[in-house]
Amino acid sequence: MSEIKQAAGTPLSASVQANVHAVNARFGSSSDLVVRLFRSDAAPERVIALLYICGLVETDTINESIIAPMMAMELPPYAEEKGDLLLESMRACVVPVSSVKDVTTLEEALQYMTDGRCLLMADGSAMALLADVSGGNQRSVGIPQTQTVIRGPQRGFVEDVQTNVSLVRRIIRSSDLHVQTHKIGEQTHSNVAVLYLNGVVDPSIVKEVYRRLADIDIDGVLESGYIEEFIQDESFTMFPTMMNTERPDTVAASLLEGRVAILVDGSPIALIAPTTFFSFFDSPEDYYQRFDIATFIRMIRYVAYVISMVFPAFYIAITTFHQEMLPTTLLISLAAQREGVPFPGLVEALLMETTFEVLREAGLRMPRAIGPAISIVGALVLGQSAVQAGIVSAGMVIVVSFTAISNFVMPEFNMAGTSRTIRFGIMIMAGLFGFLGIFLSVLFIMVHLASLRSFGVPYMSPFAPKPKKAGIWRGVFIRKPWWSIVLRPMDTNLRNPKRQGSGRRPPAQRHSRQ
Amino acid sequence: MRTMRGLLCCLLLLLQTGCWNRVELNDVAIISATGVDWQNGKWVLSYQVVIPKAISSQSGESGSAAVNVFSTTGDNFRIAISKASEETSRRLYFSHNQVVIIGESAARKGMGPLLESYLRNHDSRETVSMFLSKGSARRMLEQLVPLEQIPGAAIQRMIANEEHGSSAFRQMTANDVLMELLGSAQATSIPGLVIAGEGEGTDSVGMLGKTTTPTKVRLSELGLIQGDKLVGWIDDEQSRGLMWLTNHINKTTLSFSCAGGSKSRASSSAKILTASTKLTPEHVDGKWLIKAKVEATGLLMEYNCPGDLSKPAEVEKLERRIEEEIKAVIAEGWEAVRKQGVDVTGFGTLIHKRYPKLWKQASADWKELFPKTELEVEARMKLNSTGMSGRNFKDAQKKAGGG
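Same order as they appear, the protein sequences are chains A and B.
Take the first sequence: its position 46, counted from the start at 1, is 46 in my numbering, and no numbers get skipped.
In short: position in the second sequence from 1, add 514, done, that's my numbering.
Hints are not guaranteed to be accurate.
As the list claims (entries may be wrong) - If you anchor each label on the Cβ, the simulated ranges turn out as follows:
id, chain 1, residue 1, chain 2, residue 2, range
1, A, 370, B, 725, 50 to 60 Å
2, B, 631, A, 465, 43 to 53 Å
3, B, 903, A, 435, 52 to 62 Å
4, B, 599, A, 324, 15 to 25 Å
5, A, 388, B, 582, 19 to 29 Å
6, B, 599, A, 424, 57 to 67 Å
7, A, 380, B, 582, 33 to 43 Å
8, A, 439, B, 722, 44 to 54 Å
9, A, 439, B, 582, 33 to 43 Å
10, A, 478, B, 596, 54 to 64 Å
11, B, 631, A, 478, 49 to 59 Å
What the hints assert, rightly or not - A short list of chain A residues far from chain B (calculated; beta carbon distances all over 12 Å):
id, residue
12, 89
13, 136
14, 175
15, 177
16, 212
17, 294
18, 393
19, 466
20, 477
21, 493
It should be emphasised that the hints constitute simulated quantities derived from the structure, not laboratory data.
Every residue, glycine too, gets a C-beta built ideally from N, C-alpha and C.
Put together the whole structure using the sequences plus the hints.
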C-alpha cells in the first residue's frame, strides 16, 4: 500500500508546517537547506514558506524577485480565502521570475530544489510553486584545455549542460537544432542532452541513441565517460567508437555532418556518434586553415599514428630478426650502440616504453608545483644516463622518444591511448616472431577494426564496406577545398546528404579589369 | 570464462615457442668481406669481421682497426665456416658481406664449390661483388683503405665508382657470375685486385696516420673464367674495349691522338656520357659475323690538336676521329679475348637467342668457332659540347701573339 503511494509520490499537505517538516526530514536537516517563513501584509494570518538550497541559487534574485515583492504584495481580496488561489495569484501577479512551475508531490518538489529552484508554499494550499533562481558558482566558459587550435574559436565547454547547449546553439542558429534532455542517474539525476540537426540526421540513429540512453540504470553519472561505456556498440575493444570533444565548434561541425552529440551534466566533454575510425584523424583546425597545408598535416597525423603503434616493434624486429634489411653502415652503428647492453632488444624496449609511460602518467597526476622535476628526471636521468651507463642503447632511446612524440600528434586523446596500449602487444609479437609477428598483429587489428560498428555505421567506413557514395573516401586523407566538399562525409542514410551546391569554385580572377 | 581459459592456453603456447630465431646485434660477427684461397689441398676461407665499437663515433678508439681478419680451413666451404666457432665468440653473419675475393690459386682450382654454396644458402647474398686476386685473397682483406673504415665496403665502393666513372671494369655480383656461368657460353669475367706498391701491407691504423701508404689495393686486369676455372687475364685497356663491346660503358674518358694510328701520342680526350652498343649476329659461310653498332655522346675535355672548333666542319672531323678511336679500343679488347678463346663477350648467348636452332649445332664446338668469329664495328659519336674555347691553348697563344 505504502509502496504504491510512493511510486505516485507523496502529496503535499495543506499545512506549510507539515510540508517544511517533511522537506527537512527528507534532506536529513542538511545545513545547506535554507527555510524562510514569513507573512505577507496582504494575508497576515497565512504563513508563507520559502525553501531553497544555498549555493545552487542566486541569493540576490531570491531577495529582490521573491521575498521583497512577496512582502509588499497586494492581493485581490478573494485570494485570502483559499490557499490555492493565493499561490496562483502570487505566480500571476507577484513573482517576477521567468520560469515558475507548480508541483503537488514532495518528490517532485525535492527534485526541482536540487536543480536550483526555490520552493514557495502557502498555508492552506496542497500545491507548491518552484521558481527558477538557479545560479551559484560555475566555471566560466574559457579556452579548451585539451584540444587547442591556433586558428579557430577559443571557447570550450564547461560543466553545466545548459551553458554547453547554449554554446552550440550560438553556432547553429537554427530551429532545426533539436535538444532533448534526459535525466540519468538514480542519485545524481544528471541532465543528459542529446543534440541533433533535424532534417540532416538519419532519424534511426537518433532513435537508437534514445533507446540506448533509456536502458541505462545507474546510481550516478559523473562524467560523459559513464554514458559512453553504456551506449557504445562494442565494450571489448581498444578503439573508441564515440568521439570526445571539449569544443563547441567540433560538436557543431559533427551535427552538420549528420551526427548526434550527447552532452552530460558535470562534464565538459561531449560525445559524438556515430564515429568512424578516420574521423579521429581530423582536427577542427583542418577546416579552418588552408586546405593544402591541412592535407599535409593530416598525412603527418596518419604517419605518426602508425609510427606510434609499430615503430618500437619494427625496431625490435629489425635488430633481432632481420638485420639483413638494414644498410650496412646503419647496422654497424646500431651494433656499436648495442655493445655491452645486457638485455635483449625486446626487454630493452619494454623497459624504456614502460619508463616513458610511468613518466607520462606521473607528469599528469603529480601536483603542478613539482612539474619541472619530472622533465629533469625524464630527460637526464632516464635518457642520457641510462645510455651512458650502458643499460640501454642510444638507438632505443631515440625510438622510444620519437614514438612518444608521435603519439601526441593525435587530435583525439582517446585514440592516442589506443595506439599506446596496442604498441606493447605488437612489441611482444615482434620480439617473438619478428616481422611475421608485426604482420599478424596488424592483420588482427585490421580484421577487428572492420568488425566494429558505431551506432550501426561501419567503423572503417568509407573504405569498408564499399561506400554507396562514389568518391567519398577522398575526403578522408585529403582535406578538399571547401567549395568542393559537396557531400556530407558520412556514408549513412542522411536525410540531406548534400551540404552545398556543386560548382561553387571561385573564378580565377575576380579583380575588375579596366 | 571458458574463452578466457582458452586464450590463456594459446598465450602460453605462444611463449613455448621461445623467441624463434632471434639473434641480438651483439651476438653476431658482421662480416664485410670474405676471401677464398686454395692451399695444400684445402679451402682456406678468410673473414674480415667488423668491430662495431671501433667504428662508432661515440666510443670509437682511434687506435684500433675497425676490422679483424682470420681464416679457417676445411675440405669444403661449410665445414670451414663451421670451424669459425673454434676461434670466434660470435656467430658469423654473412648477410652484410660486401665482397668475395677469390685467390688466383682457388680460381684456377675452380669456383664451383663456392658458387654451389652461394646458390644453396639463404644467408649468402647474390648481390655481393666478386673479385679475383693475384696472390692470396687473405692478403687483400688485411689491407686497410684510407678514407673508409671498413675495407670490404671500400673495395665494393671502389668497383662501383669505377663502373660509373671510368667503366674499365664492371661490378660482377655473385648473381651476374652465376647467370653467365649458367648461360649459353658458360664463361664470365671477374675484375682482379692487386696490391700495388712496395713493402709491407697497410695493416695497422698507425700507417693510415701518414700521408701515403706503402701499399694499396687497386683494381687491375680482368680474369677470364671458362667453366668455373680461371683461364687467363686481359689488361685494363683490353678490358675497357670489352666493356665497349658488351654495352657496359656508363661514363668513361676516351683519349685519342690527333692523327690516328698507334704511333702518335694520344694527346686529347673526350668524356663519354652515354654509350650504347647493339650487337647483331649473322651466319656467313659456316662462320659467325657479329655486327656491332656503337652510339655514343660526349664532351670534349682536353684538346691539343690543330683546328678551330668553332667551325662545325672541324667538330665533325673530330667526331670521326673519336669514332675511329672507339673502334680501335673495341678491336683491342676483342683481339685479346679472341686470343684467350673465352666467350666473355656474350656472343654465344646472343646467337642462342637469335638463332636457337643454329646454336644447337654450334654450341658443341663453340670453343673452336668463337675465335673464328668476325667482328664488324660501326661507331657513331656525337659531341655535345667542345667546351668554352675554340682552338687549343697553344694555337690561341700564337694567334694572339701574331695578331
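Taking the hints in turn, this is what the structure says about them:
1. A:370 with B:725: 50 to 60 Å: holds, 59 Å
2. B:631 with A:465: 43 to 53 Å: Hint holds: Cβ distance 52 Å, inside 43 to 53 Å.
3. B:903 with A:435: 52 to 62 Å: holds, 59 Å
4. B:599 with A:324: 15 to 25 Å: Once the Cβ atoms are compared, 20 Å apart, the range 15 to 25 Å for residue 324 of chain A and residue 599 of chain B holds.
5. A:388 with B:582: 19 to 29 Å: holds, 27 Å
6. B:599 with A:424: 57 to 67 Å: violated, 36 Å
7. A:380 with B:582: 33 to 43 Å: Holds - the Cβ-Cβ distance for residue 380 of chain A and residue 582 of chain B, about 36 Å, lies within 33 to 43 Å.
8. A:439 with B:722: 44 to 54 Å: Check passed, 45 Å falls within 44 to 54 Å.
9. A:439 with B:582: 33 to 43 Å: Holds, at about 37 Å.
10. A:478 with B:596: 54 to 64 Å: holds, 56 Å
11. B:631 with A:478: 49 to 59 Å: holds, 52 Å
12. 89: holds, 67 Å
13. 136: Per Cβ check, residue 136 of chain A is outside 12 Å of chain B; nearest 48 Å; holds.
14. 175: holds, 50 Å
15. 177: Given a closest Cβ separation of 44 Å, the condition holds.
16. 212: holds, 25 Å
17. 294: holds, 40 Å
18. 393: Non-interface label on residue 393 of chain A violated, nearest chain B Cβ at 9 Å vs cutoff 12 Å.
19. 466: About 32 Å separates residue 466 of chain A from the closest Cβ of chain B, which puts it past 12 Å; holds.
20. 477: holds, 35 Å
21. 493: About 35 Å separates residue 493 of chain A from the closest Cβ of chain B, which puts it past 12 Å; holds.
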